[in-house]
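Undergrad: Sequence:
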Amino acid sequence: MRMSSSPWRIATAGVLLAGVAYAVVAHPWLMSWGATRAEIDAPLDGDVVGEGPYFTRAITIDAPPSRVWPWLVQMGQDRGGFYSNTWLENMVTSDLHNADVIHPEWQHRALGDVVPLARAGIADLGSTGRGPESSLGHVRIVAVEPMRLLGNSPGRFVLQKNGLGGTRLFVRESEASQPPALARWLGWDALHFVMVQRMLRGVKERAEERPLFAREVVLAARAGWLFAAACVLAAHFSRQGRWRWLAVPLTLVIPILAYTRDGDAALAALLAVGGPLVGGLMFGRRGYPVFLLLTIGVAWIVLLAPDPYVALGLAFLAALALAALVTTGVFRSRTLFKM
Numbered sequence: 414m415r416m417s418s419s420p421w422r423i424a425t426a427g428v429l430l431a432g433v434a435y436a437v438v439a440h441p442w443l444m445s446w447g448a449t450r451a452e453i454d455a456p457l458d459g460d461v462v463g464e465g466p467y468f469t470r471a472i473t474i475d476a477p478p479s480r481v482w483p484w485l486v487q488m489g490q491d492r493g494g495f496y497s498n499t500w501l502e503n504m505v506t507s508d509l510h511n512a513d514v515i516h517p518e519w520q521h522r523a524l525g526d527v528v529p530l531a532r533a534g535i536a537d538l539g540s541t542g543r544g545p546e547s548s549l550g551h552v553r554i555v556a557v558e559p560m561r562l563l564g565n566s567p568g569r570f571v572l573q574k575n576g577l578g579g580t581r582l583f584v585r586e587s588e589a590s591q592p593p594a595l596a597r598w599l600g601w602d603a604l605h606f607v608m609v610q611r612m613l614r615g616v617k618e619r620a621e622e623r624p625l626f627a628r629e630v631v632l633a634a635r636a637g638w639l640f641a642a643a644c645v646l647a648a649h650f651s652r653q654g655r656w657r658w659l660a661v662p663l664t665l666v667i668p669i670l671a672y673t674r675d676g677d678a679a680l681a682a683l684l685a686v687g688g689p690l691v692g693g694l695m696f697g698r699r700g701y702p703v704f705l706l707l708t709i710g711v712a713w714i715v716l717l718a719p720d721p722y723v724a725l726g727l728a729f730l731a732a733l734a735l736a737a738l739v740t741t742g743v744f745r746s747r748t749l750f751k752m
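Quick note on our numbering: the sequence shown kicks off at 414 and runs consecutively.
Misleading hints may appear alongside valid ones.
As the list claims (entries may be wrong) - Cβ pair distances, simulated, as ranges:
| # | residue 1 | residue 2 | range |
| --- | --- | --- | --- |
| 1 | THR449 | VAL514 | 14 to 20 Å |
| 2 | ALA596 | LEU663 | 39 to 45 Å |
| 3 | ARG699 | MET560 | 55 to 61 Å |
| 4 | SER590 | LEU717 | 23 to 29 Å |
| 5 | ALA671 | ASP491 | 15 to 21 Å |
Keep in mind that the hints were calculated from the coordinates and are not lab data. We treat Cβ as the ideally placed atom computed from N, Cα and C, and that holds for glycine.
Please model the entire structure based on the sequences and the hints provided.
TA: Next up, the structure:
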């Protein structure tokens, strides 16, 4: 069946479909990810009358609270990171690095402790002038009950035994503490969820001493990122004078490496900026609908994948393999379609 002759019609339909799917299905799901209706409605340690309504996310960890608690206590930019997507966090030069071992020197939190969310140069932005606890780049510890409650670091963590020797870990946040509704719907809720769900999975894999993915899978994903970056660089150098446009992504890549030394974040910045840029140089306006659809696809992968870095790396690897098959003519072979 022949598709519409207008690529923009296809792209517009894709945007509308993605918007409806997000509003109707994805958004309600991500706002209560992992939590049952009973858990969402039930009171949890640290709830304050009049502070709600709350939204709650949860995960089951096959380890007792005594093995989960140390990982929560050492959260912070100045400690063990947040066990989340550092490659995304460091794209804005946050200088976050996740710890994979428990550090005894980080095993104490007290009321009033300030937990930085990013390096000092970023964390100080937005300060109200009333001390570091008022900065947009920090949160303050307001509740500590060892093995039961820690808030806020960055959300309020509540630990409950699940009766099977494990832990039910909740993150509960007040809707009043979030940005205005319009900003939330335009992106904050989705971005915040991507980081929180990976954080919960990060705590789980460390407490259980069981990585989310096998080492071979992670290596394959990293290969996908490297191959994709190599393709972008090759495209920039494929025509005389085009290489000069690399100065645009390098304005992001160089500070990322200087502040964070995070190669994954630098690769992500190179692809996020350099990819669409070289695509625009090569295809012009006719490539915009395709870029729009690709952007939507990448956004859905980041939103839904347990680990967006691994998922995107494998997607890049699959796309490159498909491109190689098409280039070599495998899909044009009549024998491929024989019954």
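Undergrad: Now look at each hint and say whether the structure bears it out.
TA: Consistency of the hints with the structure:
1. Under the hint 14 to 20 Å, the C-beta atoms of THR449 and VAL514, about 33 Å apart, miss the expected range.
2. As the Cβ distance of ALA596 to LEU663 is approximately 30 Å, the hint placing it in 39 to 45 Å is violated.
3. At roughly 60 Å, the beta carbons of ARG699 and MET560 sit within the given window of 55 to 61 Å.
4. Between SER590 and LEU717 the beta carbon distance is about 25 Å. The supplied range of 23 to 29 Å therefore holds.
5. At roughly 19 Å, the beta carbons of ALA671 and ASP491 sit within the given window of 15 to 21 Å.
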